[in-house]
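Protein chains in written order, with numbering that gives the first Met the number 0: chain V, 0 to 725; chain S, 0 to 725.
Some hints could be false.
[Stated by the list, open to error] No more than 16 angstroms apart at the CA atoms, straight line, and that leaves these computed lysine to aspartate or glutamate pairs for EDC-like:
1. V/K72 to S/E25
2. V/K352 to S/D353
3. V/K392 to S/D353
4. V/K518 to V/E481
5. V/K72 to S/E228
6. V/K619 to V/E378
7. V/K429 to S/D142
8. V/K227 to S/E76
9. S/K72 to V/D142
10. V/K185 to V/E258
11. S/K392 to V/E378
12. S/K622 to S/D398
13. S/K352 to V/D353
14. V/K18 to S/E76
15. S/K352 to S/D398
16. S/K72 to V/E25
17. S/K18 to V/E64
18. S/K429 to V/E25
19. V/K123 to V/D163
20. S/K227 to V/E25
Hints were generated in silico from the structure; no laboratory data involved.
Given the structure is predicted, the values throughout are model-derived calculations rather than measurements.
Each chain is listed here by its residues.
Protein chains: 2
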Amino acid sequence: MKATWIWYPGDFEVWLGNKFNNRRTERGAMFPPFWKQDSHWPTVVFTHEVDLEQEEVVAVWTEGEFNFMLDGKLFSEMASPETIWYEESDYHEGHRIRVPIGRHTLTFKVWNQTSPPALFVDGKTIKSSSQWLVTYEDKIWIDEQGVAHGSGVYVPAGSWNFNDAGDTLTRYSLRWRDKLPVNQEKAEKGMLYDFGRESFGHLDFRKPAGSGTVHIYYGESREEALDKEHCETLDRVHISNGLVHRNPGSKAFRYVYVETTGNANFLLAMYEEYAPFSPERSGSFRCSDDELNKIWEVSAYTLELTTQEFFMDGIKRDRWVWSGDAIQSYLMNYYLHFDTECVKRTIRQLRGKDPVTAHVNTIMDYTFYWFKSIADYYEYTGDTVFIRELWPKMVSLMDYCLSRLNTDGMVEGQADDWIFIDWVDFPMHKRGTLCFEQLLLAKALDTMSYCAVRFSHTESERYARLSADLLAKTKAVFWSPEAHAYLHAIEDGQLNPQITKFPNMFAILYDFASEQEKKQIQENVLLNADIPAITTPYMRFYELEALCQMGQQAEVLPQMKAYWGGMLREGATTFWEKYNPAEHGTEHLAMYGRPYGKSLCHAWGASPLYIIGRYFLGVKPTKPGYQEYEVRPVLGGLEWMEGEVPTPFGKIRVKVAGEAAELYGSNVVGEASELYGNSNDTTVCNASKRCNILTVQVFSDGGKGTLILGNQRINIPANKEITINL
Amino acid sequence: MKATWIWYPGDFEVWLGNKFNNRRTERGAMFPPFWKQDSHWPTVVFTHEVDLEQEEVVAVWTEGEFNFMLDGKLFSEMASPETIWYEESDYHEGHRIRVPIGRHTLTFKVWNQTSPPALFVDGKTIKSSSQWLVTYEDKIWIDEQGVAHGSGVYVPAGSWNFNDAGDTLTRYSLRWRDKLPVNQEKAEKGMLYDFGRESFGHLDFRKPAGSGTVHIYYGESREEALDKEHCETLDRVHISNGLVHRNPGSKAFRYVYVETTGNANFLLAMYEEYAPFSPERSGSFRCSDDELNKIWEVSAYTLELTTQEFFMDGIKRDRWVWSGDAIQSYLMNYYLHFDTECVKRTIRQLRGKDPVTAHVNTIMDYTFYWFKSIADYYEYTGDTVFIRELWPKMVSLMDYCLSRLNTDGMVEGQADDWIFIDWVDFPMHKRGTLCFEQLLLAKALDTMSYCAVRFSHTESERYARLSADLLAKTKAVFWSPEAHAYLHAIEDGQLNPQITKFPNMFAILYDFASEQEKKQIQENVLLNADIPAITTPYMRFYELEALCQMGQQAEVLPQMKAYWGGMLREGATTFWEKYNPAEHGTEHLAMYGRPYGKSLCHAWGASPLYIIGRYFLGVKPTKPGYQEYEVRPVLGGLEWMEGEVPTPFGKIRVKVAGEAAELYGSNVVGEASELYGNSNDTTVCNASKRCNILTVQVFSDGGKGTLILGNQRINIPANKEITINL
């Protein structure tokens, strides 16, 4: 085991989150979020028990000032130089502590106002790790007889991968790689550079010469870069006698328009900033439809660009962490890089600290998604340690929600709540009592119940009951037996007859409707052209997922090709915040009343990653952390497809080929066409018809897989490829 | 009006409090508190409305990164150099902003992780001040049409006296003055310096020469300084070739023992660190008893040493801010320097931030004193602005208290509560249900009611009812009709027959007993030698105050002389944390199982300041902020006394002379002896006996004073000296 830097769990994220969110700029002005930003605990206490067979000298580094206690007794360099001293060695300068033979308790109190107090202890056997405990108030007081009393609440220390004394958390940054423009041309009074596709990073001025000021205008589009008055981001750099002053910060752009004063001269390049990932551990997809392949690739690139210190929404304008966006990124990520550390960081960052003074991002729905994202995380990872860490903050956030119910026991937007639901182009009620919000709260309460029961919390039943009660109430109020659909809103005591897709698709997704009702919803709402269409990839995520849950992959495939393919045909190199196929030309760039307000690289644009992984390749855990999982491939009109899905145990590979026309729906029945990998002799396909050849490979050491083909269930053994010929 | 630095109220105190509390050392090791330390809000928004008759260019400085909005529109140097730009002038470099004619809203968002985000704006008419508003979450979000919605809660900005752009809050420090030792002598292997009396500051090595290490051992006593193994504080300084490395930090000491290695050489001096005060605005006292004069002077010096950034407990060992200590400092301070800013700072610092995770300083009684101190502050200052600022934090702290009542609706120490009451030398219950704690909580609830009613809070009645209920319950349970006293504790369901002075004296102080019961308490408890004596100045404060409230100044005077005079006879130059007259020699230095653990300069030692000012000079407000006040002088055995009491309006001067023997009690009747100042012709003394001459001077511009002499009530006009001859 290596020693690693440790801190109070969540504090790294709070601190890094402020740096991250406040890096956003708007036309040269910094632009922090409008919700509460928190701070790390400035003073924390780390403690650890050891039992040594021989004396050990350990090296200690901290970020912050610290003191050290051995078995409750304080030592200092001045008073006890034989126990604690400062040393400059070849390895590193730092403190050394002599710990004697036997059972001892080591305690370090560290204070750091500027960044999270952090500790790195490295000895032969004594090494700081997440096994150490930490508290922000040890409550150790000494009575008049000198007797110590303590009642602090200790939790396991936070850590990540800072495994070297010099590799401190405050030095953490994304990685950089070099990138050159693919084209440059004279435009107006300056030069327009094209970096080929949407990129994220900071410009680099190479071979600088002369003196002058460089005015920089960024654009996700060519139009934006050339529009000095309206481009969303800009920069200014001074070059004097060949020296570059004030490097610009990281920005999102494909195009850069530059005007230079004086005789300043340079070659423009950039450093792309990116979060590293392992291709060997990543998901993949390829199929018979080239457009869908391109959609998958651009989705993957979009998610990679928006996966930074945290999962963010858009890389140009917003650059903040948003809960509604993040929950989708997490789900996509489970099918692309399975970066669970980034999921945890983002969940922690979004929650911040108590007291709760507003909904997450101030948005009511975003609070509810925050809960749901924890259930999802647990489903994909099986990580109870994280659930345990979060539990107190889950409780206090839910207390906040429950304290704001209206007299009917329903949640309702108060003056300081933002009700988001979706960006829509039609008139939609966002005030009053909304069916959509009740369903999301009911699901959040389900998550509370689901997590509580893991630790035998008696609270589990209470939350389950609250959820069931709310759901029953919601059904009684909003379900229209005439319309066979959920109505949208009560406003001023009146049930509004408006029907939108939003509550109805969540009733399917969250299994809050009977099978019959689901079919009614599908027919009367989801596939009803009279119901206003959704125009953001954000809600199209859920819409397509609901259809897939109803076995409508054959409906979803052409919709994906039309919608995401539509963006590609508009020249997208990453997917957008909003796409209304009815708009044209530069209309696609505008939003928020600003000509380039729309984000052209938005995480929620990448949802085909999830839809394809979970509902076409058909891979999902059925017990937490893929202990058990199913593979339920559906071609949905494709001739063939193959792909990989990352799991905690490794990858699940799926390859399906067959006659497209006969593979619609969830019944995989068709012509055999290909044999792939080793044959499997333990499982026999009993289908009466001659079938396609399906190849399922499982590389996990553990995990109990089931391949589901129509009504057949076939065991997937670990580390052994099975081939099913239907 | 001058511009001043502004910040989120309370954040300066939170930040400064961490610096302050963490400066404590124990034998060279840093020693932060064991309770939660909080942080300032890292990102805050300042806003202010102006209405300009002409365009104004204003200068802007911040501590932190900032952005600027005019009427909700963001400006940056890069995009709008005509509106906001950076300028280096003769005066100061900083940003300049052009604000056009008319009505405008200025908004600054400032981010600073390290210290409180702060703003200084200085224009012809636009100047940052406590009139500006601030929030830590503006909740301003922009919908898809670009329309802004905001729901942040704004409060008046915090400020103090940082009235120059360069005079930032982070540069704040105590003032320094030079001090030389009065004696030095060779001792053991080094040199012992005596600075004449207890002092606070840091050593200065003058005319340094040679090279070597200086080992420094501090002592409040000679014994402590010479005891290298047990002295509470020490330091180490390196001198190399006449250069001093690593100056020692501030320490408390009278003696310094120094051992030097090598040929290092220097003259030792110190810089005293002190909080400035205005002698013209300070209280004073002089009387016929030289010992009492000395007690008053040493009390004043003790309070001055313990008045630093905050009111602290002891200057050597503790150096933290403690609520139980502070409430006494506040009360003394109202009779010495009337430093209301330090009172507010200390109250804010003690409260810290939500969420409440422990009692103030983890001590239950200290939470209750915190509330009471706010009622006191209001009584002496009449400052409703501060009450309004604190109110939300008063509510959340009281919610915490009320959430921890036992099933009988009484407060009871839980595992993580420290029950302090007092340091006692006899066995005393500190667990279970304590009468003392109920009385303190009842008073805290009274304070809630008292403050709530100022703003017509309907909550006032609720708190009053809670207090009355608790009090009734407490009386029913703890008042013993047989003992005519409050019993101390219920433990494990059993009422314990122990009687202590603690609940009984608070029943008098807080007026929680009938006049008859008070007399019974006085006789059976306070003046009963069988009840264990109090051995800390801390609780002697309340004991003597209770006796004074019962008109027992003639009993109190010899007790003060015996107790505080006793410390002086032991050589005290400041008053101590604890004094047990039964102890001898170096026993007086020990505490907490450590030979020099006792603090010899402890704020709560200075209570004669308060007792003399309020109960001998007899000056106290009868309406908030001395709008109305009374002077009820009681010589209590003194032949004469004169003194000054500071008020918000100026000073009240009182001079009384008379025959000591006849002036006991609250009836001031005696021989005339002196005429002082102008005669007063508006008020005639109707006393039947020939009296002392009393001179009462009032310099306040406002305030309605009443001089009370026995059963006579005489109006004191403002700005006019009255002389009453009795």
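Tested hints:
For the given pair, V/K72 sits about 11 angstroms from S/E25 by alpha-carbon distance, which is consistent with the 16 angstroms threshold. Distance hint between V/K352 and S/D353 is fulfilled; the C-alpha atoms sit about 10 angstroms from each other, no more than 16 angstroms. Our distance criterion of 16 angstroms between C-alpha atoms is met by V/K392 and S/D353, whose separation comes to about 14 angstroms. Distance restraint check for V/K518 and V/E481: the Cα-Cα separation of roughly 15 angstroms lies within the 16 angstroms cut-off, and the hinted pair is therefore satisfied.
At roughly 15 angstroms between alpha-carbon atoms, V/K72 and S/E228 fall within 16 angstroms of each other, so this suggested pair holds. Between V/K619 and V/E378 the CA atoms are separated by roughly 9 angstroms; this keeps the pair inside 16 angstroms, and the hint holds. Restraint check for V/K429 and S/D142: the C-alpha separation of about 12 angstroms stays at or below 16 angstroms, so the hint holds. The hinted pair formed by V/K227 and S/E76 meets the criterion: a straight-line CA distance of about 14 angstroms does not exceed 16 angstroms.
Restraint check for S/K72 and V/D142: not satisfied, since their Cα atoms lie roughly 58 angstroms apart, outside the 16 angstroms limit. Our distance criterion of 16 angstroms between C-alpha atoms is met by V/K185 and V/E258, whose separation comes to about 10 angstroms. Among the hinted pairs, S/K392 with V/E378 is inconsistent with the structure: their alpha-carbon atoms are about 40 angstroms apart, more than 16 angstroms. Under the criterion of a C-alpha separation no larger than 16 angstroms, the hint pairing S/K622 with S/D398 is inconsistent with the structure, at around 29 angstroms.
For the given pair, S/K352 sits about 10 angstroms from V/D353 by alpha-carbon distance, which is consistent with the 16 angstroms threshold. At most 16 angstroms may separate the alpha-carbon atoms for a hinted pair to count; V/K18 and S/E76 exceed this at roughly 21 angstroms. Between S/K352 and S/D398, the direct Cα distance comes to roughly 14 angstroms. Compliance with the 16 angstroms bound is thereby established for this hinted pair. For the hint linking S/K72 to V/E25, the alpha-carbon distance of about 11 angstroms falls within 16 angstroms, and the restraint holds.
Among the hinted pairs, S/K18 with V/E64 is consistent with the structure: their alpha-carbon atoms are about 11 angstroms apart, no more than 16 angstroms. The hinted pair formed by S/K429 and V/E25 fails the criterion: a straight-line CA distance of about 59 angstroms is larger than 16 angstroms. Pair hint V/K123 plus V/D163 holds up; C-alpha atoms about 15 angstroms apart against a cutoff of 16 angstroms. In summary, the hint linking S/K227 to V/E25 is not supported, as the alpha carbons are separated by about 61 angstroms, beyond the 16 angstroms threshold.
The earlier numbered hints that this structure contradicts are 9, 11, 12, 14, 18 and 20.
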